[in-house]
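A.B. asks: Please build the complete structure, drawing on both the sequences and the hints.
Protein chains: 2
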Amino acid sequence: MTPRAVVLLSGGLDSTTTLALARSQGFEVHALTFRYGQRHQVELEAARAVAAHLGVARHWILPLELRALGGSALTTEAEVPKGRSEAERAAGIPVTYVPARNTIFLSLALALAEVVDARDIFIGISAVDSSGYPDCRPEFLAAFQRLAHLATRAAVEGGRPVTLQAPLLHLSKAQIIQRGLALGVDYGLTRSCYDPTVSGAACGACDACLLRLRGFAECGLRDPAPYCQEPPPPQGQ
Amino acid sequence: MTPRAVVLLSGGLDSTTTLALARSQGFEVHALTFRYGQRHQVELEAARAVAAHLGVARHWILPLELRALGGSALTTEAEVPKGRSEAERAAGIPVTYVPARNTIFLSLALALAEVVDARDIFIGISAVDSSGYPDCRPEFLAAFQRLAHLATRAAVEGGRPVTLQAPLLHLSKAQIIQRGLALGVDYGLTRSCYDPTVSGAACGACDACLLRLRGFAECGLRDPAPYCQEPPPPQGQ
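If you're matching them up, the sequences are chains B and W in order.
Residue numbering for the first sequence is 790 to 1026, as defined by the working numbering.
Residue numbering for the second sequence is 790 to 1026, as defined by the working numbering.
Check before you lean on any hint, since a few could be wrong.
To be verified - Sample of chain B residues facing chain W (criterion: CB under 8 Å; computed from the structure):
1) 900
2) 924
3) 945
It is worth saying that the hints were derived from the structure and are not from the lab.
In this text the structure is predicted, and so the values were computed from the model without any measurement.
Positions of the beta carbon are idealized from the N, C-alpha and C atoms, including for glycine.
C.D. replies: In structure tokens, the structure reads:
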């Protein structure tokens, strides 16, 4: 039987590359996307396009009312910071941090893994370009791995417990892009911006856009995704 | 400042006692209840009544679409087993198990704790009468505790990380009831049944009812909650 994996898919660059990697390893993929009170539906549309592009057994889209909790610029009306320098981006947890987001996402992925009998969960965490989020660090991932071993039927009934796969953990944005391109990913379908226009164009100035644009620049490539303004031309390294 | 705690509140006997214990320890309580596709709204109404009865700073009721995932008799149309013997109840994970439920609930409690600046999360897990659920075991709880230390702002920025409190972990149902009664809990407001009537009467025959009735019987008491049929008279120990 083809092994099954649950892949957390936001429709961004990292999760899309992660899905492509899972597919390339022969997994039948159950993609899992949350509608969690993002300020825009652009991410959801990107996730749908990516799932269709890379091929999944099923694309699960779950509503998740994080907006009711508040606490983040991504789920409230607070302003997304723009044009921050690398030093500013490195100086602590930004307002775009959603409390316990990866813990919540992985918990629901764990539930789905039990339901569809998948033994692997893929998440596109990168500790290199993680913007200071506590739940993008290797030690967080290791702790969730341990929890996953104890939290499910397999812990009581035997059988291989769920394994977390974070293939991007130690890759830079440029390295992630190179892996994805080698697997045929169309990054024009993906969206990473924290503050896109209604029609889906990226702002080019939020932390996520800056990281992404730098990644493409380091590859000597132009980002194929749409931006509000023409992004600066790529500079080779 | 009065310390704040998030208390997971289902409206059942265990979570209600846990809330009373948190209150008795001087915590300002943010009660957290999920509307997760339970087959009945009875639990929600019980949670509301309990929150009003014991006094909370705020009662958060979050929608959570576990029904979309399926996988449990509590969120689907599958039949809830009735009249099982103690041996049958001890013989593995029942169909009422909701995949990864406590992991998901604790993750959202962790998010709420960050938002309201609570450093304690109370959960009414009991390993004694846990019906074989993997996520009611002490080792599960310890693993989540470790995760909680790594998953939040406090892990990066300093400050006391979130502590899990499971004051019922090693108590039997009868001991839980005794603690609650000593704190003035009105168990007539609580609902534990997996298959109640629309008007809120307990079936008296599912695993949850049998455990609860045995607990009251061991205390030499009659359960004040309403049942479809008159429950058997209490038998002293």
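A.B. asks: Take the hints in turn and mark each one as holding or not.
C.D. replies: Right, here's what the structure says about each hint:
1. The interface hint given for residue 900/B is met, as the beta carbon of that residue sits about 4 Å from the closest beta carbon of chain W, less than 8 Å.
2. Given the 8 Å rule on beta carbons, the hint for residue 924/B holds: about 5 Å separates it from the nearest Cβ of chain W.
3. Of the supplied interface hints, the one on residue 945/B holds, with its beta-carbon coming within about 5 Å of a beta-carbon of chain W, less than 8 Å.
Against the hints set out earlier in the document, no violation occurs for any number.
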